[in-house]
Amino acid sequence: MSDFDFSVITQNWAFLAEGLRYTLQVTVTAMLGGILIGTLLALMRLSSIVPLQWFAAGYVNIFRSVPLVQVILAFYLIIPLVLQMITGKQIPIGAANSAYFTFTIFEAAYYSEIMRSGIQSIPKGQIAAGYALGFTYGQTMRFVVLPQAFRNMLPVLLTQTIILFQDVSLVYAIGATDFFGAADKITQRDLRPVEMYTTVAVVYFIICFTLSRLVKRLQSRIAIIR
Amino acid sequence: MIEIKNVSKWYGSFQVLTDCTTQVSKSEVVVVCGPSGSGKSTLIKCVNALEPFQQGSIVVDGIAVENPKTDLPKLRARVGMVFQNFELFPHMTITDNLAIAQIKVLGRGREEAVDKGLKLLDRVGLKNQAAKFPGQLSGGQQQRVAIARALAMDPICMLFDEPTSALDPEMINEVLDVMVQLAHEGMTMMCVTHEMGFARKVANRVIFMDRGAIVEDAAKEDFFGQPRSERAQTFLAKILNH
Numbered sequence: 163m164s165d166f167d168f169s170v171i172t173q174n175w176a177f178l179a180e181g182l183r184y185t186l187q188v189t190v191t192a193m194l195g196g197i198l199i200g201t202l203l204a205l206m207r208l209s210s211i212v213p214l215q216w217f218a219a220g221y222v223n224i225f226r227s228v229p230l231v232q233v234i235l236a237f238y239l240i241i242p243l244v245l246q247m248i249t250g251k252q253i254p255i256g257a258a259n260s261a262y263f264t265f266t267i268f269e270a271a272y273y274s275e276i277m278r279s280g281i282q283s284i285p286k287g288q289i290a291a292g293y294a295l296g297f298t299y300g301q302t303m304r305f306v307v308l309p310q311a312f313r314n315m316l317p318v319l320l321t322q323t324i325i326l327f328q329d330v331s332l333v334y335a336i337g338a339t340d341f342f343g344a345a346d347k348i349t350q351r352d353l354r355p356v357e358m359y360t361t362v363a364v365v366y367f368i369i370c371f372t373l374s375r376l377v378k379r380l381q382s383r384i385a386i387i388r
Numbered sequence: 087m088i089e090i091k092n093v094s095k096w097y098g099s100f101q102v103l104t105d106c107t108t109q110v111s112k113s114e115v116v117v118v119c120g121p122s123g124s125g126k127s128t129l130i131k132c133v134n135a136l137e138p139f140q141q142g143s144i145v146v147d148g149i150a151v152e153n154p155k156t157d158l159p160k161l162r163a164r165v166g167m168v169f170q171n172f173e174l175f176p177h178m179t180i181t182d183n184l185a186i187a188q189i190k191v192l193g194r195g196r197e198e199a200v201d202k203g204l205k206l207l208d209r210v211g212l213k214n215q216a217a218k219f220p221g222q223l224s225g226g227q228q229q230r231v232a233i234a235r236a237l238a239m240d241p242i243c244m245l246f247d248e249p250t251s252a253l254d255p256e257m258i259n260e261v262l263d264v265m266v267q268l269a270h271e272g273m274t275m276m277c278v279t280h281e282m283g284f285a286r287k288v289a290n291r292v293i294f295m296d297r298g299a300i301v302e303d304a305a306k307e308d309f310f311g312q313p314r315s316e317r318a319q320t321f322l323a324k325i326l327n328h
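Residue numbers (the working numbering), protein chains in the order written: chain A, 163 to 388; chain B, 87 to 328.
Calculated from the structure, these hints are not laboratory results.
Backbone N, C-alpha and C fix where the C-beta goes; we use that ideal spot for every residue, glycine too.
Mixed in with the good hints, there may be bad ones.
Taking beta-carbon pairs under 7 Å as the criterion, some of the chain A residues facing chain B (in silico) [as the list claims (entries may be wrong)]:
1) Ala-290
2) Gln-301
3) Asn-314
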């Protein structure tokens with residue numbers, strides 16, 4: 163091990179790229195789905211209908227209290243059972259597919275707390291102005307409150323998404339192969355941990371850094387001028 | 087046009103409005119004044135149901151506001167409202183602020199809505215600000231846009247909730263000028279304001295409120311001539327003497 167040998171990367175590039183593609187797909191799916199469900203949960207939590215408040219609060223509290231890796235495992239085991247109960251057939255969905263669902267559901271809890279504080283940051287007068295113009299509740303949220311909440315919360319939403327991107331590596335628990343998992347598997351076989359993990363770290367860094375730069379530019383473009 | 091009958095409202099056990107009764111007829115301009123905390127803003131917000139009330143009734147153009155079957159968005163779309171803090175939507179251009187409710191609530195086409203909005207923007211003297219965002223305008227300019235936004239909905243009446251209270255003194259007149267012009271055009275207006283100059287110029291009636299109750303409801307000449315209640319006299323003496 164006296165010399166570094168980065169050929170381990172080039173030789174296994176296709177396998178690594180496949181893992182990276184999976185990681186990015188899970189991230190994007192869970193981000194979009196999580197923000198959508200999270201926003202609905204936030205609206206429930208802030209609604210005046212008590213059962214909806216309870217449901218949203220329960221949802222958030224449960225998922226925030228359980229380690230992600232355990233949720234990944236639990237959903238992997240439970241989803242097939244539930245599907246079997248509903249359809250009566252055995253539907254093998256596989257580890258890779260179950261993660262899309264798990265991350266979306268899990269991240270929704272965190273995104274919902276972000277959106278909740280975003281919604282609460284909008285002055286009450288804005289809501290009154292929406293109503294006064296004849297908007298319904300839904301229109302007031304869609305055109306007045308949520309666009310502003312989203313802009314205000316963009317940096318925090320990004321932070322959560324970067325955490326999500328890195329957390330996808332936890333799918334090792336159910337044997338799915340993400341970017342980190344792919345690197346790990348090659349390392350077990352070829353015994354070149356330094357080259358491999360350094361490369362993986364650099365790739366993670368480049369992606370996260372680029373993402374935060376992109377969001378910064380997006381933010382300055384859509385920022386609310388005050 | 088607006089009939090307020092025996093309206094009472096409580097926050098918990100605290101009564102904010104006590105048996106308020108008054109009306110605003112078509113093309114009438116009614117100014118509501120009174121010390122802060124007297125319930126004037128609350129009362130005007132009851133008119134378009136932004137604030138609920140527990141007792142009494144408010145009828146706007148034949149429609150009972152407190153009736154649970156009333157289509158409130160539809161009613162509110164016909165009642166223009168201008169707020170103390172302007173409440174333009176900061177994430178939209180002035181043009182979009184003027185057009186969005188016309189498009190989404192009245193179902194007008196975008197072109198028609200923008201056209202109408204820009205005409206009104208011209209009327210309040212801000213034609214060249216159409217592409218800007220609210221944050222780039224002064225308070226007085228924002229409030230004039232807010233008036234144009236409300237007018238774009240072709241309201242049957244306008245409610246003003248302390249429209250000049252958040253403005254620097256030199257900007258108050260530009261807003262009042264627009265309001266005076268509106269009054270002269272025959273708009274039905276209910277204005278919560280301390281601008282007694284405005285009241286003298288255009289009001290038909292002045293309502294004086296204190297501790298949630300309407301203490302005085304009189305024609306302008308009577309109110310400024312000889313207010314019957316002592317409370318109104320001291321209030322007037324305080325705000326007119328300097």
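Consistency of the hints with the structure:
Hint status for Ala-290 (chain A): holds, given a least beta-carbon distance of 5 Å to chain B, under 7 Å. Evaluation of the Gln-301 (chain A) hint against chain B yields a held restraint, the C-beta minimum of about 6 Å falling below 7 Å. Look at Asn-314 (chain A): its Cβ only gets to about 10 Å from chain B, farther than 7 Å, so that hint breaks.
Comparing the model with each earlier hint shows a violation of hint 3 alone; every other hint is respected.
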